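Top to bottom, those sequences are chains A and B. Every letter in the first sequence is one number past the one before it in numbering that gives the first Met the number 0, and letter 31, counting from 1, is 30. Every letter in the second sequence is one number past the one before it in numbering that gives the first Met the number 0, and letter 239, counting from 1, is 238.
Rather than coming from a laboratory, the hints here were simulated on the basis of the structure.
No copy labels: a pair is met if it fits in one copy or bridges any two.
Using 20 Å as the maximum straight-line C-alpha spacing, the simulated SDA-like pairs for lysine to any residue come out as follows:
1. K35 / G128
2. K230 / D250
3. K129 / A101
4. K129 / L58
5. K129 / P17
6. K129 / F75
7. K35 / A56
8. K129 / R103
9. K129 / G59
10. K129 / R104
11. K253 / S188
12. K129 / R20
13. K45 / L25
14. K129 / A56
15. K230 / R210
16. K192 / T218
In this text, all values refer to a predicted model and were calculated from it rather than measured experimentally.
2 protein chains.
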Amino acid sequence: MSSDSISSDRGKSTRGAPTIRDVARLAGVSIGTVSKAMNNSGSLRKETRERVVEVAAALGFRPNDLAQSLHRGQSFTVGLISNDSFGRFTMPIVEGLEAVLAARRIAVFMCNATDDAELERQHVEQLMGKRVDGLVFTARRADRRPHIDLGVAGVPTVYVFAQSDDPNALALVPDDEGGSRLATEHLISLGRKRLAHITGPEHFEAVRLRRDGYRRALTDAGLPVIDRFYKPGDWSEAYGRQAVADLFSDDGEKPDGLVCGNDQIARGAADALHDLEIDVPGEVSIVGFDNWEVIAGAARPPLTSIDLNLRELGAEAGRSLIRMIDGEKLGGVHRLPCSLVLRASSDPNTKN
Amino acid sequence: MSSDSISSDRGKSTRGAPTIRDVARLAGVSIGTVSKAMNNSGSLRKETRERVVEVAAALGFRPNDLAQSLHRGQSFTVGLISNDSFGRFTMPIVEGLEAVLAARRIAVFMCNATDDAELERQHVEQLMGKRVDGLVFTARRADRRPHIDLGVAGVPTVYVFAQSDDPNALALVPDDEGGSRLATEHLISLGRKRLAHITGPEHFEAVRLRRDGYRRALTDAGLPVIDRFYKPGDWSEAYGRQAVADLFSDDGEKPDGLVCGNDQIARGAADALHDLEIDVPGEVSIVGFDNWEVIAGAARPPLTSIDLNLRELGAEAGRSLIRMIDGEKLGGVHRLPCSLVLRASSDPNTKN
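Extracted from the complex, chain A is given alone in its bound form (with noise of 0.2 Å):
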């Protein structure tokens, strides 16, 4: 292959745009004249140098990423990976991602694979042959997964909101257990003593992570851990409804707070709350899991919630991609910390 080949190759792109040949043609040199001034590569007299560019930016020619990313062997581009078909998880984690690697002139591939194994090792072969300098992997669900095999032409690989079988493999996950611990602290603080938890599918890692802290805080703080206030479901407002039902209609004792899995589990735990008439957060706090504004903020009363700080993980992902690339060696399983959004239905002593 040579310029000429590629010019005017790109002479027949049905584009207007202008070709390397129009930029030699004006400048009256050669093709091979332009690539150099262009690459700033090979020995040229200064001013056919400027010339050159000089044209060039008068033509508007725009040196082609494509032909220059084969001088650099580095194409400055990324593969995303998603699993979660760019769910309300993924998203957060994608806009922290791509802010991250744009500023570095980092452009992403976002491809979908929606748990289709098939799919995603189609997406993958793809990406490589478009040379993409890291791949990040992203799930719906932080559990840990098979590992990519990326054959003879490994690249740098970031797992975010997911992890990898793979023990070397770098992984960023929000800290489950902590998250679960500070919602459990939080209403420990506001004098609560009888703390239920209304949560997710035992099957998601995330709901054994988030009950352990649950425990934990308790026992820490001299507090019981009461078996019948465990109450693992599934992730919707009507299971927050009839886990509510349960813990207050029997005859034993009932509890002052309620850490819930996620928002829409607190947000149906308010509202039957709100049908028993008994008060939130008056007789009963409660804390939710995500910070999902569309839910937390839209509850009678607003959630109170950890937030996963997903868009921060994204970002991290982003960085420790663009070091990877740059040739250090991560890897490991980092949980990041999660944080307290204060609402209404946690604090008694707030009027809502």
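For this one, chain A is given, so just place chain B on it according to the hints.
Here is chain B on its own, set in the frame of chain A:
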């Protein structure tokens, strides 16, 4: 730039990927011959071509899409620029778009401009530098926006869930008026005669179009258009509750059906009627808009809603872009049909 420089640059690349030079050495041919064999170009003896392909396969050598695209003058990439920071409206659109393009082995660069014109210009510049074959613009709302100046190097461009001020540009948006007419006619078909419309702020084109659809459906059915039953405001549950308080507090005639501008308004309206002990759908029927499962499905009762068919909108954008890349001229604003999704909130004869 010669094949030699390409291969040696590839050789320099830090990844273990086999290079065109490796293939040439093992096949005992020149790099130019490998290039011809892999690109099926030039005149080669059949045995030679076969030997090269064999060796390449054995080495796991990927014919480099970058180099190939220089030959084809096509990059098999398109750029997607979102001003919705990848929100819940753009995500299904992106999914539909990506699925259609992936089937054609066209990869999607995603860029997030979030209403920052300068950032958008940088993204476009960068994407043009990567010689994308097409561009897709999407936004938080389907209103008209300044068209993108692609300079000399214009490429096929589609606006989806967005419009351009360039009348020749292709724009795909949902048929908001038709969707609102669908919702209104549904309530009329259930025997409702005093229909109110609670919706978002009028500076949204969608709000004005949905208002028109609501009014036309009433007029066509010979039902009165009551001014105080039209309540533009904002998109929140809180506003839905407030609007119901207004409509049902005074002594005037009360609505027996609510056409709501989105599911959050509809959900707030349902909660407010519940608090007023007015039965939904027994006494008042409600239809939402957007068919956002997490809101419509969790509402009490679950909401009948209008689906914007965003995934199909994205798929159609992908199909249109491919036709334009293949040389067809497409343009104008196309409004794709919405559909009615039945849940419990509208039909007084269904039991929840």
